[in-house]
Structure formats: C-alpha cells, structure tokens
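Student: Chains as they are written, first to last, in the numbering used here: chain A, -4 to 382; chain B, 852 to 1220; chain C, 21 to 627.
Do not rely on the hints blindly, as some may be mistaken.
Some chain C residues flagged as far from chain A (calculated, every beta-carbon gap over 10 Å) [claimed, not checked]:
| id | residue |
| --- | --- |
| 1 | ILE67 |
| 2 | LEU369 |
| 3 | ASP588 |
Computed, partial: chain B to chain C, Cβ under 10 Å [what the hints assert, rightly or not]:
| id | residue |
| --- | --- |
| 4 | PHE864 |
| 5 | GLN906 |
| 6 | GLY925 |
| 7 | CYS926 |
| 8 | PHE927 |
| 9 | GLU932 |
| 10 | GLY936 |
| 11 | GLN940 |
| 12 | TRP945 |
| 13 | SER959 |
| 14 | LEU1028 |
| 15 | MET1030 |
| 16 | GLU1137 |
| 17 | PHE1178 |
| 18 | VAL1180 |
FRET-style restraints, in silico, Cβ to Cβ [stated by the list, open to error]:
| id | chain 1 | residue 1 | chain 2 | residue 2 | range |
| --- | --- | --- | --- | --- | --- |
| 19 | C | LEU612 | B | GLY994 | 29 to 39 Å |
| 20 | A | LYS220 | C | ALA94 | 23 to 33 Å |
| 21 | B | PRO889 | C | GLN448 | 16 to 26 Å |
| 22 | C | VAL315 | B | PHE864 | 28 to 38 Å |
| 23 | C | ASP143 | B | PRO1161 | 21 to 31 Å |
| 24 | C | ARG224 | B | PRO889 | 13 to 23 Å |
| 25 | A | LYS75 | C | LEU126 | 53 to 63 Å |
| 26 | B | PRO1161 | C | ARG224 | 44 to 54 Å |
| 27 | B | ARG961 | C | ARG343 | 58 to 68 Å |
| 28 | B | ALA970 | C | LEU612 | 40 to 50 Å |
| 29 | B | PHE864 | C | PRO251 | 52 to 62 Å |
| 30 | A | LEU39 | C | LEU196 | 58 to 68 Å |
| 31 | C | PRO251 | B | PRO1161 | 44 to 54 Å |
Everything labelled a hint here was simulated from the structure, so no lab data went into it.
Note that the Cβ used here is the ideal one computed from N, Cα and C, for glycine as well.
Each chain, letter by letter, is given below.
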Amino acid sequence: MLVMMASRSRTLALAGAILALVLCGQGGAVPLLGRATAAAPFDLAALVAAAKKEPPLVTLNNSGVVKDIVANFTAKYGVKAVGTKADSLTQVQQVSREVQSGNVKLGVLSIEDGALVQGRLIPQHFVDNWVPPDMLDSIPKKWQNPLVQIWDAKVVAYNPTSYGACPITNIWDLTDPAWRGKVALRDPLETPEEITWFSWLTTEDNARKLAAAYQRRYGSPLQTKEKNAGYDFIVRLAANQPILTKSDDDSASAVGAPGQTQPPVGIMSLGKFAEAPPKGQKLAPCKSVLPWIGYAYPRYAVIAHNTPSPNAARLYVHYLMTAEGAAPTINQHGGFSANLDVPPGQHEYLGSHAFWEKNLVFLDPTGNDRAWQMRDALSDLWRLSRR
Amino acid sequence: MPHIGLSRVSKQFPGGVRAVEDLDLIIPDGAFMCLLGPSGCGKTTVLRMIAGLEQPSAGEISVGGRVFDSVARGCFVPSEERGIGLVFQSYALWPHLTVRENIEFGLSVRAVPRAERHARVADVLRLLNIEPVADRYPSQISGGQQQRVALARMLVVSPQVLLLDEPLSNLDARLRLEMRAELKRIHQTLGSTIVFVTHDQLEAMTLGTEVAVMNAGRILQVGTPMDIYHRPANRFVAEFVGNPPINIVPVRGAGAGRLGASLHEFARRRLGSAADAAWWIGIRPEAVRLGGGHGEDRWVHPAQIETVLPTGPTWIAGARVLDATLFGVSFEKIAAGPASCSVRAEDLHLFAEDGSRLEAAPRPSEVGV
Amino acid sequence: MSGAIAAPRAPWRGALVYQLQRARYEPTVALGAVLLVVLAYLVVVPIGAILSDAVRVQPGDEARTGQPAGHVTAYYLWRAFGSPVSRLLLWRPLLNTCVVAIGVTLLALILGGVLAWLVVRTDLPGRKWLAPLLVVPYMMPSWTFALAWLTVFKNRAVGGPAGFLETMGISPPNWLAYGTVPIVVTLGGHYFPFAFLLLGNALRRFDSQLEESASVLGATRWTTTRRIVVPLMLPAVASAAVLTASRVLGTFGTPYILGLPVNYSVLSTSLYQSLRGGSTGVMAVLSAVIIAIGVAIVAVDSWLLREQRRFVTVGSKGAMHRRTRLRRWRIPAAALAGAAVGATVVIPLGTLTLSTIMRVPGRFEPGNFTAEFWIASRLPAFVGYPTGLLRGPGLAAAAWNSFRIVGLAALLSGALGLFVGYLAVRTQGTRLSILLRQASFLPYLVPGIAFAAAYLSLFAVRRGPIPALYGTLSLLVLALTVAYLPFASRAGIAAMMQLGREPEEAAQVCGARWWQRLWRIVAPIQRGALAAAMILPFIAGLKELSMIIMLATPGTDVLTTLSIRLQDYGYPQLANAAVLVIVALSFVVTYLGQRITGTSLASGLEG
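One chain only, chain A, in its complex shape (with noise of 0.2 Å):
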C-alpha cells in the first residue's frame, strides 16, 4: 500500500524477523507475560498488574512529547514511568553502556535512529525487540521487527509571509546557487539520522527518480563524477552551505521568524507545524516538489536488554501501540501509527495516507540494514564535501 521497495533481500529480512520475533520472545530471563503465540492469548490485566511490581519505567524519547505519554501512561495504569527527551545518540549511548557495564535503568527507547537500532543495538543484544501479540495483524509485519511506533515525516517547509508560494518545487532547488547558505537542516554529524535519509537516496530506484528530476528542473542530463544521483545530490547540497541546525526547533525557527525578507527554507518534520503559531512562526509544508516533497521515518519502539521493569517496558510499548498512546505524538507532530487501526490525527498537514505515498520517500526498516553499512562513508562523503 505504501511506496516500498519490493526485493528478495527484503523479504528474507522479513522471514528473518518474525524468526526473530519468535526467538526473542521465548528467550528473555523474564516472567514472560503476553507470549507472542497463539495458544497464550494476550493478558493485559496481568501485565499491568506485573508492572505494578516492578521499579518505576525509564524511558527515552527523541521528543518532548514523552512527558505527556508518561503523565497519560501512569494516569492509565497507575504504573510509574519517567520520561526524558534525548537524541538518538544520546539514548544509543545510554543503552548501550548501561547494557554492558550490567547496570540497566532503562525501559524502553522511542528513537528514530533505525540504522543504529538494526545495525547495533539488536546485534549486539543492547535491546530487545517486542511486538504487542494482540497487534500483530494490524501491524504491517515489514514495520514488526524492530517495531515501528509512529510515522513522523520530514519536508520542505517555506515562510509564507515571505513566499506567497513555496519557491521549491524540485528537490534540487536546494542545491541551486539561487538557495546557497539558505537551507536549513538538521546537521548530520549530529544527527545522524539524516544520513539514513541520504542512503536512500542512493539506491538505484531512487537516484533514478532524482537524476529524471534533475532533467526536468535544468533541461539536461546529470553530468556526475559520483555513482549515482542521489550520491550527487548530497555532495552538492553539503557544498552549498546549508545550515546546519542541533534540532528541528532551530530549523523551524530560522525558516519561521517573522519579519525576514528572503528566509530560507529548511526540511524539518511535522511537528513544527503545530508549533509555529504560538510560537509566532510563520511556516507552512511545500505541497509539489519533484520528486519527492520530503521523506516519511519511522520512530522505533524497543525495550533495553535486562530491564528492571520489563512488564511495564511491554505495558508501555502496548500503550505506544493503542490511539491513546499515539495521540499526544499524532496530534502535536502529526504523522500516524504504525497500528493501522489506530485513525490519523487531527492536524494532517499533508493530506490522506495517498499523498504521503507519492509524495514522500518512505524509510522502511528494511533499508536499516544498508542505512547501517553505508553510514561511515555517506558521514565521510558529507562532510568532505562541505565548503
């Protein structure tokens, strides 16, 4: 239903994940409530009642949203949950050194680094997947392993007191002299997950796209010494001086503040939609960009290895999971839930499930695994080609 790339490798992937899945549900030291498999049907009274018991949930979350799904959580449940904003590296780190040095605080994670998440954190046994057995059909199963809890999207976004329209409408406007020093993005080194967006770029279906859209924005075929387009496309949009931000606050902020003549624009994720206002920011999403307006990533649900608290962790993921869990995040960022039977949120900026489809690249877990290999040399090749 969504744009995705059909391979064999993916599907292998598949098979291996729910092999995965099954494994890593029987093996955990823990009392193993809500066994994935048919036979023990789901029991949440006695999850929760397991939770009770256990050390206050820990919890990290690459938005400040967490506050209030912990505030809910606990009002729900009467389980006591903390919840932190921290950066995927910061909660990459956390994890992983609590999980080695055997002094685990941590429940669960909500981070968007994928790549880190496939290519680290499972392998190495630093967290544990675990889908809700209860959702396992309304869950794509590509989206199960490691679990996807929500869609958030990164696009385009202009000042429209400054722009009557957005003035992008080809993603290489972004690399054009005309738009040199006026991109705002999060920076990559930083934030690495940037650079899972531009490993995608790279596949060969996707640099195809962008070489035809290249065609359409100059009238002439792309001239690269690069391997491909999308290759091309990132060492020129690092040459032409973007600015780089630590969040997407900042982006918003420099694209939004009110009373600038030429602002930039910048490619920030939906959230700062809702913000802006009472912000007094001024920003609105590009609609038609060729050949994508942005790009559509998943932020992970998983739960660290030897928790303390490992009911109310899985209490926790379940809620991620159910409308209620999803709706702070869906309501002030937009985006939906990986559960498709929880409904969109009321602030859809971008319209239905279809024009995310067209319009937007979509960062399948199933591209982790080359998001991973490809991540030292596309750090590498970013920046050595900054100015």
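Use these hints to put chains B and C onto chain A, whose structure you have.
Tutor: Chains B and C in isolation, oriented as in the chain A frame:
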C-alpha cells in the same frame, strides 16, 4: 628509675645518609645526660630513636632492661607505649587546645579518671608556674611560657625518662638561665633520667651529670663534664669543648714550626716516651700564663702580647711566641707588650696522629680542679 | 607489644619481624601503599585505558577494521592522522585549538597584565574595589560570556531565535558571530583573571627600587622596562601563559556554543562529537593528543618554575612599593579598568538577564517583556521544559544533583587531598612519598574532557571488585573527586608541611595511638585547611561542564548540563536563566567560603 642502653645502634636514612654509626651508650639511672655535638652530628636522631620516633637500622635500644628496639630479634615497642617524655625544640604545642588541655591530653589518652587528671594537671601547672595562663591558647602566651607548657605536658604523665631536644635554644639569655635552673631543680625533685640534646657546650657542662660528645654519628667521649674538659679523649672533643677554644700546636709533620719543636722537646723531657708519638699538643687558654711563672715543671718562653680582648671579668690575649700565636685567658688585666709565656707540663694535652689522646699527661687527680 | 627478649633469629627474619611490628603501630607506610594503589587505579589506569582504546578494535568496528574486537589496530590512528577525514577530525581542530589557545593567552596576558599593573603599581582611583571585581569572570561558568555573545550577535546563519542585532535589523557577519574571533574574545574575558592574579602577585613582590636604581644609573624609561622589568617578570608571565593555555585546551562549552554552528571545531568538541557518534577509537586517539599537549604544557611550566628560582631573591621583604602617578591618565585608566569589568561581568550578565525576560530577543517593546520564562506554569511551545525555569521540577532536581554530586566530590577530594598530604609528608624522603605526590598530581595533566572519556571506558563494565559505574552518580562523584585531587592534595601537602610532624609526635610520646593522634590532633588542627581544600573544588565543580556532559545520563541533569540541554533544544531564554542561577550560586558559595575559611578565593586560583 631505669638506665638506658644503646647497643651497636646504627641509623641510615632513606637516601643513604648515615646519621648514626654503630653507637654504644649507657645512660645510668637518674643521670642528667647531655648529648653534645655540632649540628647534624646525629644527636637528635639518637634522642628520637630512644623516644621511638625513629627506628634504628641495626642494633638494640633498651630502657630499664626492657628491649624497645632490637632489629636482629624483631622486638619493637611503639613510642606511645614507651613511657618516655620528649620536649621538642619547637615545643610543638597543639594550637587548637588550651594550655590546660595540652597538658591534660596525655592523661586523657591513657584514660586516667577525671578527678585524678585535674589534680595532676594542677600540680604540674603549679610546679612550672603557669597557672595564670592555664586557659589560654598557645598562641596567646609568651615563648618562655610555651616552653614550660611543653615541659609540663611531658612531666604530667610522670615519664620514666625525659628527653629534651635543645629546649632552650629559642629563649633569650635571661630566660635560658632561669630555665636551666628550673631543669636542674626538676631533675633533683623528680629524680628521673633526663637526656638533654644541645650544641651549646656551656649548657651541657653546667647541666649534665654526664656529657656525651658526638660527631658524625659517633660518640667520641662519655664522662662527667670535668672529665670531658680536662681529659678530652681526642682532638675533636678538646677543640669542641671550652671557650675560648683550646690552642692546638702541631709538633710533627708539615704544620710543625719552631713553637711546636720547642714544646715537643719540653714534653719529651718531662712526659717521657708517650710524647714521642704526639703529633699535636693542646693547651687550654687558662693554662697559658703570661707574665711570671717559673720552675722546673714549666715550659717558659718570651712572648710578645699582640692583642688583648677584655670580656669583662677576664682578658683574652693573643701572644706571639716564636712563629705562632697562643691564646691565654686571665682574670688579671693584661697589657700589650713583651711578656714571658709559661705552661705547666701537666697542662699539655698530647694527641696522636689519628687525633686520639696520648695518656702520659698528668693524671686527672693531679690537675688542679 | 612485649619487649621481652626473644630468641635470636636469622638477621633478615629479625629485621622483617621488626618492620612488621612497627607497621602495626605506624600504619602510614601501609596506608600510603594502599592509597597509592587506589590512586593508581583511579588515575593511572584510566589514562592507560584510553591510550589502549586508541589502538584496539572497539566493539562494533569489526567490519570497518576487518579484525575482531580487542585486536591491536592502527585503524583509528590512520583515521585520525592520515585518512581523508583526518583533516576534519584532527588537523583542523588542532590548528583551531592552537590559534584559540595562543589568541586567548595573548589577550588574557595583555588585559590581565595592564590591569594588574594599574591596580598594583599605580594610584588608580577605586583600585581596592577593582581587584575583587576583576576575579569575578572566573567565578562564572566559562561559557557564560559565550551565551551572552550569541544573545547579541547571533545571525541567520544558524537556526533558532536570532540575536538582538539581527532583530534590530543589523546582520552581524559570520566572523563576528561565530568561530575564532568570538571564541578568543569570550575565553579571554573568562581567563584573564589568571594573568591578573599571577602578574599582580609578581608585580607586588617586585621591588620598585630595582627600577629606580636603574634610572639612577641613567637608563631611560624604555631601557629600564626592557632590561630590568621584562626579564624579571618573565617567569610570572610564562606561568600565566602556560596556565591559561592549558585551561583553554580542555575547555568545551564556549567552542561548542560558538564554534559548531559554523562547523568550527577544536579538539575538545571534535572529541565530544566522536564520543556521540560512537567512534570510541577515534575519541581515544583525540584524548591521547589532548593529553600529550597537556603534558607538554605542564612540562614547560615546571621547567619555567625551575628557572624562576633564580629570581626568588628579588622579592625581599624590604621591597619598596612606590606607586606610579598616573596624573592626567588617571581618568582614562580608570575608564579602561571600568570598561574591563563592564565588558567581562556587567554586560554578559546584563545581556543574559535581559534575554530571559524577552519573548523575541532584541525587540525592545513593552509588550515583548515577560517574566514567563522564569515563573510561567505552562510554556506552550516548549515541549522539553514546558514551564518557567523556576517552576519546573527540572531546575530543582538539577540543583539538587549539582549540590549532591559536586558537594560530595569536593568533600571527598578535600579529605583525600589532606590524607595524601598527611601520608606524603609522613613518609617524606621515601619513594612512596614521591609516588603519592606524582600520582595525585597526574590528573592535572589531563584535560577534564579526556579524563571523562577515560573514565567512561574504564568504568563501563565491571572490572574485578569494582562494579560497573556507568549511569550512576558514583561515577560522576568519583571522576570529579579525582579531577580536583591535584588542587586538594597540593593544599593538603602545603598544610601538612606547614604543620610539621612534631605536634603529632608530641601526642605520640604522650601515649596517643595512631588513630587518636589523627582524630584528636591532626584533624582538628587542619579543619581550616580542609575547608579551604574543599571550597575551590566545589566552586569549580558547580560550573564544570566538560566532564559532566560526558558522564551524565539524560536522567541525571546537573545545572550546567541542564543549561546546555536547554540551549540544544533551542530554548535560549531558559538556558540563559539556568546559567544565571549557576552564577548566583557560585557567588553565594564563594562568599560563604570566604567568610568561613577567612581566605580569599583569589589566593587559591593559581592552582
């Protein structure tokens, strides 16, 4: 009261400095022993070893028959169990305690009952005349009072042995004299064995019942002050003790001159074969008589008095005799000019090539004391 | 112990038994040995661990290096020194570090030197007031000035709310807003008190008769200055330069705030990025480079100090202090000194304060002012910290953590320092004493950020009896304790040297056992020294960032990391407010410390 015995004690500090070498010393019960020597001679180290603050590298130290240190036999008694008092040169009073608390400390760590403690502190405060400052802090009292507190602090625990490390060196002349008398009185009152370290020969001679002269980590002579003065065991002791210092005349070897030859010839005549081996002849200044003095037993020679230094009660004169200068001291006024210089035979100290005394000089009993 | 006569033994056995008997009553040597082992573990081993990480395959890098984890590899060395990205990882940061270090040192020396001369040697009006004020910049977190700078000069080249000037329609160029210029200026403003104090002390000791005798001999003023003053001041100048440079080497906050927006990195920020990126091996290489430079700087320092002995006789007690009459330059000089205080204290703090009460920075309109960033119960758009700073539980928790961690570390550091001092002085003259001194001084050579990196790799897993400490407060406490140990043990050694051994020996001959002596004599006498040895680490710890940011986990914010995190989230008003809270606490603690110990912080700054 016990005697103190040091047997073949050596002390080598880290870094190889040998402070004490193979030292034997017996301090009799009840003695007031002064360890006398130039600074750096190891006397303080000996004291600290007796107190248990330094450990000998070899040898044995015992007090009253109880072995405190024996390296070879592996015996060790820590300082705090030796029952020895030590008064430091710097006094080392505890600045955070009052005079009374300073004195009481030794009793309180020994868990002496409170009432007895107070009584004994009061006794010592009275003995040393420091009652008025009992509740002040060390920084609020004078140097002399600090000295008394340091002493009181040790006396209060009635040590079997009291060690004093140059305790008077920081006091002015008047206080020194007072404290010397005080120490002598305390020694007589308590009858304890006292070991007193000093580099001041006057202090040693006046205070000690016995004096041990040390140099370079060795004991050169032990004896009564009169013994040390009148029968120095070697040249070093002879030169170190006495003020103004002894005249030393080389009589053999490169340094010997005409005065030496004359004295040597006289000594051989009067003192026999022992004088043959003499390399130096020592003459105490008070034995040098300038003007008058005749007789068979005297060496007499004309001299020219070149310098006269009146000290008040005495006159010190430098007299040119032949090719050298002899210093004499006299209670009668001396004037510059020609005079005859004479010395009695028994006042000649003969020293061998290695500096040791040659026993042919008059017997001590014959020396006019 | 009985002194009864024992049977003769073999000589060596007797000697051994003798030494053992002694050790029962005199545990200093044994304790010193134990302490040395502990210090070796806490100080030497972490440094060894980081050096070894630099040449061993780290877990997760098997594919990159083609070797199993733990194998010896040159990959990280190649990556840092020789690969195409080495230019960005090491060489350019190294160059930037050198430029910044030299620039800051020059600026600090000129500023500190001129002010020291004005305050110490001239009749400058108000100099009594100036002296303590000029030390204030050092009492603020090092990056305070940087935040203030950004508040004014931030332009559109980076995201987030713009600075005052940008809002007012003046767009500051990049070179003025970020990178070398502002970093040098702001760090110079922070570190010049070192030079001010060191040069001030030297000038105070310096005998004006020397100058006068030179003039009497017919030397011109210029010749006097060149031939007499400069050579005599050189050691103090060199010491101040070395001290400043070594501090700049390890400083993190300022280049992080002012450098990264324009991709300007120094060694410490490059190290931090490597850590965040999970490149433990490269981080270890960078740590080793920083340590090497630190060692080189300290070596220069100790060489200079040796040279300085030649000049000790200069500052005799009879030195004359004749103040130079400024005459018509009095007012301009006073204005200059006032401007220095203004630029380094009043303006940064004023700017920060102003920024915390403005919705849009730099828009000076009545409706734009608000107290909500301090006291609002709900800040709608601030998801990470949704209330005013004083309202949120975050500040209280961070303040409590700061006090807990830093207080405990200062206490331990002070006590440990005094104990090191005690043992080093008691075993004086032995190799043990020398080793104790050296081991406790070693952390001084290692900039905090590299030290923290070493602690991360050492205590990440359980090793022998030491449990893994990652994620615990003990790790922070331990790291800070050891990092501040050089200051504390230096103070401890000085205090013990001054005390001498005799008060304790007096107690010993009075019959007091070792613990009685320690408890009833040494400890009470050194109470003041202990307090002094704790105050400085405490103040330094309150504003410590580089180590804590490496070791603290998101759950355990202290005040400094809270401030940096708020800055990262793009809430500059809250970040600045948090810095102001730190400054206020630092002032209060300094004031209380000076009241309690009766010493001035200024005297301890020389470290």
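Student: Please check whether B/GLY925 passes as an interface residue: C-beta within 10 Å of a C-beta belonging to chain C.
Tutor: Nearest chain C Cβ about 3 Å off; hint holds.
Student: Just to be sure I understand the hint, the distance between the Cβ atoms of B/PRO889 and C/GLN448 should be within 16 to 26 Å; is that true here?
Tutor: holds (24 Å)
Student: Close enough to count: is the Cβ of B/TRP945 nearer than 10 Å to one in chain C?
Tutor: holds (6 Å)
Student: Confirm or reject the claim that C/ASP143 and B/PRO1161 have a C-beta distance inside 21 to 31 Å.
Tutor: violated (56 Å)
Student: Against chain C, is B/PHE927 within 10 Å by beta-carbon distance?
Tutor: holds (4 Å)
Student: Can the hint on B/GLN906 be confirmed by a CB-to-CB distance to chain C that is less than 10 Å?
Tutor: holds (6 Å)
Student: Between C/ARG224 and B/PRO889, does the beta-carbon spacing fit 13 to 23 Å?
Tutor: The hint (13 to 23 Å, Cβ to Cβ) is violated, given that C/ARG224 and B/PRO889 are roughly 40 Å apart.
Student: Holds or violated: B/MET1030 as interface residue toward chain C, Cβ cutoff 10 Å?
Tutor: At 18 Å from the nearest chain C Cβ, B/MET1030 fails the 10 Å test, so the hint is violated.
Student: Given B/GLU1137 as an interface hint, is its Cβ closer than 10 Å to any Cβ of chain C?
Tutor: violated (40 Å)
Student: Given B/PHE864 as an interface hint, is the shortest Cβ-Cβ distance to chain C below 10 Å?
Tutor: holds (7 Å)
Student: Is 53 to 63 Å a correct range for the gap between the Cβ atoms of A/LYS75 and C/LEU126?
Tutor: holds (55 Å)
Student: Given the hint of 28 to 38 Å, is the C-beta distance from C/VAL315 to B/PHE864 inside that range or not?
Tutor: holds (32 Å)
Figure legend: structure checked against the earlier numbered hints; hints not met, in rising order: 3, 14, 15, 16, 17, 18, 23, 24 and 29.
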